[in-house]
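Undergrad: Start counting the sequence shown at 83; every next residue gets the next number (the working numbering).
The hints are simulated quantities; they were obtained by calculation from the structure and are not laboratory data. Incorrect hints may have been included.
Taking CB as the label site, the calculated pair distances span [what the hints assert, rightly or not]:
{"id": "1", "residue 1": "158", "residue 2": "444", "range": "25 to 35 angstroms"}
{"id": "2", "residue 1": "357", "residue 2": "456", "range": "21 to 31 angstroms"}
{"id": "3", "residue 1": "452", "residue 2": "135", "range": "51 to 61 angstroms"}
{"id": "4", "residue 1": "467", "residue 2": "213", "range": "52 to 62 angstroms"}
{"id": "5", "residue 1": "179", "residue 2": "339", "range": "11 to 21 angstroms"}
{"id": "6", "residue 1": "210", "residue 2": "240", "range": "45 to 55 angstroms"}
{"id": "7", "residue 1": "330", "residue 2": "444", "range": "32 to 42 angstroms"}
{"id": "8", "residue 1": "271", "residue 2": "444", "range": "36 to 46 angstroms"}
Heads up, the beta-carbon is just placed ideally off N, CA and C, and yes, glycines get one too.
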Amino acid sequence: MFIPLLVCLTAAACAAPASDTTLIVSDDPELVALASSLLADVSTRAGMELREPVRVARRSREDLERFLIRKLEEDLPDERARQIAAVYGLLGQGTEDLDLKALLASVYSEQVVGFYEPDSTALFLVDDQPPEAIEPILVHELVHAIQDQNRSLDSLTAEELGNDAQIAAQAAIEGHATLVMMEWMFGRMGGQDVDFEALPDFRGMVGPLLEGVRNQYPMLAEAPRVLQEGLLYPYIEGAGFVMEVWRSAEGRPSPLEGHLPLSTEQVTDPSKVLGDRPDPPMRIRFDDETLAYQNNLGHAEFGVVLSEWAGDDGGRALADGWAGDQYGLWGSPGEWALRWLILWDDPASRDRFLDAWEGLPSKPSDLSASGTEEDGVPGVVLEVGGPPPSTVSVEAVRSGQPPG
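All chains should be built: construct the whole structure from the sequences, respecting the hints.
TA: As structure tokens, then:
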């Protein structure tokens with residue numbers, strides 16, 4: 083979701099270029115003129131074109147909050163929300179009885195200023211924004227409309243892909259829109275065109291700027307850190323990833339086509355998708371219908387959990403060599419149990435993690451770790467609670483060869 087702090091960087095508007103109003107549909111003439119004047123520049127910066135008309139509308143903050151909460155109800159049923167909260171709780175990231183839906187609703191509501199909705203192919207803006215804030219919001223959301231017409235955004239973030247692949251795709255999506263918006267904004271502030279590709283240390287410049295969002299919003303700051311990272315990661319790391327995609331070839335190639343990351347590891351280290359030897363993640367599936375829920379954390383969230391267990395960011399390094407993961411949850415509220423399988427690129431990476439295990443001061447005291455192998459791939463099993471209800475068989479394959 084769009085991070086509204088970014089509109090604070092907007093300077094006074096410059097003269098608008100000639101516009102084409104045929105691709106913008108709205109009952110608000112001001113929005114038609116403004117969005118149309120931005121479209122050609124946005125398309126050039128994004129490296130994609132808007133192919134069909136897009137609807138643009140203003141809504142009250144209350145209307146947009148109701149809409150977002152309704153979408154949250156559709157995308158995160160109560161039972162699933164309780165299961166995810168239980169997983170994070172068992173890993174020491176919040177409490178097992180955390181009201182995840184209420185927390186996310188509060189976080190989304192305090193941040194909402196505008197968004198693109200793929201189901202209705204419409205772009206909405208909150209009507210309480212000052213005039214100088216409207217343009218950067220439109221730039222960001224127009225990128226999403228352009229993306230969706232070139233590659234279905236819903237299909238890129240489908241639930242069946244798993245948590246890590248969803249966050250990775252979201253990083254390409256939001257990083258792309260954020261990068262275009264920031265490049266446009268910096269140009270407006272300086273009074274001349276800005277090409278971010280020419281900046282030698284883009285990540286070093288933009289990272290602290292976006293990271294500052296965390297403390298600007300009370301509800302976001304109160305969320306468990308692993309949830310904070312899940313919400314901010316697509317913007318912070320995604321922009322850096324898209325910059326590397328652009329630098330990899332002429333003409334600003336799309337980050338949603340041949341360079342779409344399959345894991346957050348590839349987002350954080352773009353060489354794992356852009357290099358001569360791509361390193362896709364292992365996809366793991368537990369074959370057991372008695373499990374209440376299964377999913378993965380992925381490289382980025384695994385790193386956050388490790389930093390929390392270690393008590394400092396140095397713990398993230400223990401995730402180096404991650405090749406894939408999957409957890410299975412079973413039981414019921416108050417009696418949940420978890421088995422989490424983490425696969426590694428090589429035995430040395432796995433053994434480094436196991437050697438550090440006992441020295442992690444803040445890991446849950448009832449969480450155990452043991453080494454294993456799955457079809458010759460080194461792994462670690464973390465367990466808490468009772469034994470699984472039956473023998474869980476595991477299928478693990480490299481991405482591009484989906485399990486099952």
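Undergrad: For every hint, state whether the structure bears it out.
TA: Comparing the hints with the structure gives:
In this structure the supplied range 25 to 35 angstroms holds for residue 158 paired with residue 444, their Cβ-Cβ distance being about 28 angstroms. Checked against the hint of 21 to 31 angstroms, the C-beta distance between residue 357 and residue 456 comes to roughly 26 angstroms, which is consistent with it. A hinted range of 51 to 61 angstroms for the beta carbons of residue 452 and residue 135 is consistent with their spacing of about 57 angstroms. Between residue 467 and residue 213 the CB atoms are about 55 angstroms apart, so this pair conforms to the stated range of 52 to 62 angstroms.
Checked against the given bound of 11 to 21 angstroms, the beta carbons of residue 179 and residue 339, roughly 42 angstroms apart, lie outside it. Against the hinted window of 45 to 55 angstroms, the Cβ-Cβ separation of residue 210 and residue 240 comes to about 33 angstroms, which falls outside the hint. About 39 angstroms separates the C-beta atoms of residue 330 and residue 444, a value consistent with the hinted range of 32 to 42 angstroms. In this structure, residue 271 and residue 444 meet the distance hint of 36 to 46 angstroms, their C-beta atoms being roughly 42 angstroms apart.
Hint compliance for this structure: hints 5, 6 are not met, and every other hint is.
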